[in-house]
Each structure stands twice: as structure tokens, then as C-alpha cells.
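Starting from the known structure of chain A, fit chain B onto it as the hints suggest.
So the protein lines, in turn, are chains A and B. Each residue of the first sequence is one higher than the one before, starting from 1 at the first, in this note's numbering. Each residue of the second sequence is one higher than the one before, starting from 1001 at the first, in this note's numbering.
Don't read these hints as lab results, they were simulated from the structure. No incorrect hints appear here.
If you want the footprint, here are the derived chain B segments under chain A, 3+ residues with CB under 8 Å:
#1 1302-1314
#2 1341-1351
#3 1354-1368
Pulled a few chain A residues facing chain B out of the computed Cβ check, cut under 10 Å:
#4 V12
#5 L15
#6 A19
#7 A20
#8 R27
#9 L39
#10 D41
#11 M49
#12 A60
Ideal Cβ positions, reconstructed from N, Cα and C, are used throughout, including at glycine.
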Amino acid sequence: MSTHTPVTPELVAQLGHYAALPLSKERLAVVAPLLDAWLKDANQLSEKMACADYQALVPATVFAHPGNHEGEVTL
Amino acid sequence: MSTTSELLELSLTQAAALVKSRQVSPVELVDASLARIAEIDGDLHAYISVYTQAREVAKAAEIMQAAGHDLGPLHGIPIALKDNIALKGLRTTAGSKVLSDWLPDHDATIASRLRASGAIFVGKLNMHEFAWGGTSDNPHYGAVKNPWDTSRFPAGSSGGSGVAVAARTCWGAIGTDTGGSIRLPSAINGIVGIRPTYGRVSNHGIIPLAWSMDTAGPMTRTVEDCALMFGTMAGHDAKDPTTAKVPVSDYMAGLRHGVKGLRIGVVPGYFFHHLQAPVEKAVRQALSTFEQLGAQLVEVDIHNIHGNISAQLTIESCEPSTYHQRWLRERPLDYGEDVRTLLEVGEMLLATHYLQAQRYRSLLRQEFMDAFAKVDVFICPTLPFTATPLGDMKVVIENGIEEDMLSAIMQYTGVPSLTGLPSLAVPCGFDQDGLPVGMQIIGKPFDEATLFRAGAAFQSCTDFHHKAPPI
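One chain only, chain A, in its complex shape (with noise of 0.2 Å):
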């Protein structure tokens, strides 16, 4: 079971300067509960397609390759 530590405006600073974006404090706390939200169902989500069942699936998201999309076709 994944644990859910709340998303402080610490916590977003620090995020932030990971990703090299500098928020103001005000900002850190308007981003805070947002992101506490979401990170919560993100990390269930998470801990479900990790499991072993779902070891072998590919991301929805691949590269395109023109003129090979007629195999998609399902009618």
C-alpha cells in the first residue's frame, strides 16, 4: 500500500528547483493542495499498473510511423 505524505508549499519549492522553476511563495501555496490532490490518485494509479499482472503493457504513447496505421482498422 503507498503511503500519501501531504504536499506542503516545502515540498513544491523543492519540486520546483528540480525542475529549475523558481515559484514565489505565493504561488508555492496556491500550487500545494493542487498538487497534493492529484499526486494521491496519481501514486494509487501508480501502484496498481506496477504490479505484475500489467509487467508486459506498453505506454499508450509510441512513435508514429506513417503508413502503418491500416492495421489499426477494427470495422
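Here is chain B on its own, set in the frame of chain A:
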């Protein structure tokens, strides 16, 4: 031939037929459109740019017709484009201050195709800034208002497109849909709109929101109109490598074929869970109508459907934050507050969150593809509530509990967005305040024709699409 109000009440298909038979001229249609925009848009804020030069284009269309040239099924029909669609030499803002003076040096492919089919552009439409949001409460060009009740929101992000069509200012509009941005304003404004199969319509020349989910499609008053417009836009585009080389159907051909024997999938634990009572009532009634028309309902369990909202929010935040990375650092104050916040949040999620969400898409798509062995389409509400007051960022769906608007509004639209499946939004009722309710019909990849057939069958025996807003 007709008064302005009579012309504006014509469906696109009717107007096109009257132009073809020379009972109505393109100039009459454009004049009616521009007059209607001038009459009501000061309050609705549906348009960012209005093209009075469209009248000269209409005159040229008349001259061509008189010379025996038929440009196509949209010859002389006034159409408006969402303002994230490039038109060469004409301001294209994407509803933003960042691009407030951008003059593209090219046309978007869909704009070229519509023009080649005879469409006349009367303006560019307001939207949620950069399409990143569902309210169309635009801080730079004014909040778009719902013509059914101007104290209510029009949904979004293609809010201007939904309002422009519902308020009879044009005969069709183009919207874009990443997480629901065509279907949501279609439902909230009581009109029809299609999110095509991913890869069916070119995105070339459209300001992106999230590359892996972006689509563009028509928004109209009737399913027949939507099918007519869609046929002019769909198809492979060498300028967009994500488009598919799949033949384009004749979408008008099957519209009268009915739905006898059509198998309609319903996911009982999700499609009718956590929604306002009038929405549930209207969509269940629509399902009964389909049964009366000869379709059969099939209950299907999509085991992994829960989790789709988080996956959508993750992808729809990480991809825009990548596109906007430079501007967010150089011009943060040029963004509205809500979009700036979403872009900042998108920079804080991890690559593993993004990729697990993309892996979830593969899982969800496969489950739907397996289910299509048992059903031909799925039908569910477009969104779980009707139009909320302008400016609200919270919504109450049940039990008096306030919820975040962005997550709540994506409850049903996320599934087609994540799976790449086509989805047609069709009006199917009204709530106790006279606000529209919509359903979405979700189909197999590249099977938009079945969606149009089902939608047309529904509209052949209902009159929700004939109702006009009071404005």
C-alpha cells in the same frame, strides 16, 4: 427569400440545400450570421474575432455558383473556428494573452479542407485559455456565457463554439477535444459534437494542449449537420503523422438506416453512478428510446474503468506543461490564474506518473476493444451535471458535497480521450431549470458512421435538437 430569423433557424443541411438550389444566397446567410453576432455577442462573448470580410467571400461564392462551380457540400455556409486553429494572416490567440498578436503563416489543414468544401469563415471563437480547462471563463477575452441562461457557464474548452452554434450565430463550428472539450460544451449548450477517433482528423495548424489526446471536430445543431461537416474534414494528412491512412466513409449514407439490432453497452457501476438525478433520468430515457427503436442494451463490466480521471489529469497536465515550459518561465504573468496553476502543477509530476498513466491507457483501451465483441457502441452521460453558475470552480453533484470542477467534469469524457475512441455528444433532455442534458455515444475506432447513424435515429424521434435558447 426569407427573414433573417427564418434563415438562422435552418439546419446546416437545409441551408446548404437551399444554396445549391439557389433559393438562398451565400450573401444572405453571411449577412444573417453577422447581424446575429452583432445583436447578441456583446453579452455572450462567444467570438474573439469577427470577419466582416466574409461578405466579400460570400459574393465570390455567389459568382462561382453562377458560373457553374460547386465548391462542395458547404458551399456558401457560414462556419466559425475555435481560436486555436490557425488561419493564415489572421490573429489566432488560443484564448491567450501569450498569443494575442500571433498571425500564423499557414492555414490549419482542417481550415483548408473546410474552405475547399465551400465554407465561409465568419469568425474565431472564444475558449478556455489554451484549451486547458472546462469553463471558458476567459480572463483575456471575457467569460463565455450560456445562451440558455446567461448566468451559467457554457462548459469548455470549446465554449465559444458551443454557444455560437446554440445561439444561431453560424451553422456549424469547429472545436477541439482533448479531455472533453467538444463534448462538454455540446452537452451544456444542447447541441451535437463529435470527438473523432484519434488520428481521424488532422491536428496540423492547431495549437496543442496534449499531443497524445488532442482531436478536432465539428459542432452543429443536428447529427446530420455534424456528419456532413465531418466528411469534409476527415482523412489522412501528410502534415500530421498521427493521422491514419484509413478510408473516409460516406457519413451521410447510413443516417436513415436506423438502429434495429444495434447492441448498446452500458457499464452500470460507472455510467449511472455519481451524477445529478435529472441527468440520469434523461440518459436512461434516451436508452429506452433506443430500445423502442429496436436496439438492445447489454450490461458490460469494464473492470479497470476506475482510475481514468487521474490518468487523464496526469497526461493532460504533463503534456501542456512541456509545451508551455518556456513561456511559463518567461511570461508567467501573461497566463490566467487557473491555467498558470495547472501548468505549474504539471511540472511537479514525475515521469513515472506520466508513463504509468500512459500504460493505463493501453489497459483501458484493450478492455474496451474486448468489449466491442459484445456491443457496437456504448452510451453514457456526457457529464454528470448541468450548467453551473458562471465563475464557480466547485460543483455539487449529490449529497450537497462540493467537488473540484475539473475532476468532476471529466467523469465520463475521459474514457474516449484516453482510449482514442470516437464519441458523439447528442442532446437528450433538459433539467428542471430548462438547462440541456447530453449523452455521448462511444464507438469502435474509425467507426464514426455508426455513431452518426445512432444519433440520427435518436433525433428522428425526439425534438431536443429543435429547441432554441431564449436569447
